[in-house]
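Position chain C relative to chain R; hints supplied.
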Amino acid sequence: MKWFWYASPQTFYPLAGQFARWCGLAAVVLTLAGLYIGLFLAPTDAQQGEAYRIIFIHVPAAWMSMFIYVVMAFWAGLGFAFNTRLSGMMAAALAPTGALFTFIALWTGALWGRPTWGTYWVWGDARLMSELILLFLYFGFMALHASIEDPRRADRAAALLALVGVVNIPIIYYSVKWWNTLHQGASVSLTAAPKMAATMLTGMLVMALAFWMYSIAAAMLRVRGIIRERGA
Amino acid sequence: MVVWRELLVAMRRRSDVATALLFFVIVASLFPLGIGAEPNKLRAIAPGVIWVSALLSSMLSLNRLFAADHADGTLEQMVLGAAPLGVTAAAKALAHWLVSGFPMVAIAPLLALQYDLDAGLYGVLALSLLLGTPVLSLIGGIGAALTLGVRGGGVLLALLVLPLYVPVLVMGAGAVEMASAGLGGQGQLLILGAMLIVAAAFAPWATAAALRISSE
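Respectively, the protein sequence lines represent chains R and C.
If you number the first sequence the way the working numbering does, the last residue is 232 and the count never jumps.
If you number the second sequence the way the working numbering does, the last residue is 448 and the count never jumps.
Just chain R, with the same shape it has in the complex (with noise of 0.2 Å):
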């Protein structure tokens, strides 16, 4: 496999088109089969009614926000190590689809909230803050990256926000988490056995999966944009 081959953006162009053609179909027909199985197939949860099936989203909406930024992280440090154009592209184009996943998160986590807590928001919570902390970095990152006028100091000077950020995200995580906290503790987690009904856990599955294939299609279709744009 030749790796670097697809690290010129010529080359990478047409491969990212293939990418958002066909992750975007499987995107489409993974978010139907998920909403199917999370809205009709799965069980009414004993306690929280059918307030909790906006878990499906939620969740994996949660777990792409804090995927992405590292996968950008991933990209930053990659450009650092390589400098090639296209890592700092890839960063570039990652950062608005992570946002969107952690505004998602933050909002269906505070519709979730009103019904099952009583209230939309609350401080303290160490998830919680977390996420939103986490917006704040994507906004940072995106602010910082549009300010600066040429594209490859622009791509360098977030790249190294990103490296910063990531390793932050941990810090901040566990400065806030010895607040008692009022956010149930991680359903699925791969250590122990999960605590749900197994269509619960196949319709969150594949929603992540959606969410997956969502965000490669999205972050290849910024990508094309951002090569056209600069022209390389």
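Honestly, the hints are just simulated from the structure, not real lab data.
Any given hint could turn out to be false.
What the hints assert, rightly or not - Just a few of them, taken from the derived set where beta-carbon distance is under 10 Å, the chain C residues facing chain R: (1) 371; (2) 374; (3) 383; (4) 396; (5) 406; (6) 442; (7) 444.
Everything numeric in this text was worked out from a predicted model, so none of it was measured.
Think of the CB as a built atom: it goes at the ideal place given N, C-alpha and C, for glycine as much as any other residue.
Frame of chain R; chain C shown alone:
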């Protein structure tokens, strides 16, 4: 060397230093006007208010960190010069702290007095600021270096730096609150100390990288 030079420059422009300190005091004095003069409430919010004011004041003086040197070309010489840029960045951050952070540590007990904070807490408050404000200067250095010569730099700097300040704020104000609850703030103070060590080790490095990007 750089520290001495920075201090000298700062002393030549004494009003800048005074302005940052004055800003700290004014922000802290605005809160009672907005919230009301009820002593118990004020006592409860005092640590948070003083810390937020410190955050804002430290952030406002950040653009001075590199701007003047950037404008007259000194910074370019520093980047090209023989001295390691990381050390220069660390010295800059230290000087920034001596000019902006340390006066706040010194004046904080006076504000605490206004807020009628328990006298036993002055020590914790001063100590938390003593450990925390250098972290602000160190992290702020990265933001200041990144936004150098960028349009809309000031507001952008706030957007970049304030989210990164959150852990310091939580731990700093938390230390005082824990101490006021009679639980002792040692845990928070130790974490602040750890943050300071980590920031001192890595932030100058990142600042140097950012300076190279900005001055190429």
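For each hint, the structure was consulted:
1. 371: Since chain R brings a Cβ to about 8 Å from residue 371 (chain C), closer than 10 Å, the hint holds.
2. 374: It holds, given that the least Cβ distance between residue 374 (chain C) and chain R is near 6 Å, below 10 Å.
3. 383: 6 Å, holds
4. 396: With a closest approach of 5 Å, the residue 396 (chain C) hint holds.
5. 406: It holds, given that the least Cβ distance between residue 406 (chain C) and chain R is near 7 Å, below 10 Å.
6. 442: 5 Å, holds
7. 444: 9 Å, holds
Against the hints set out earlier in the document, no violation occurs for any number.
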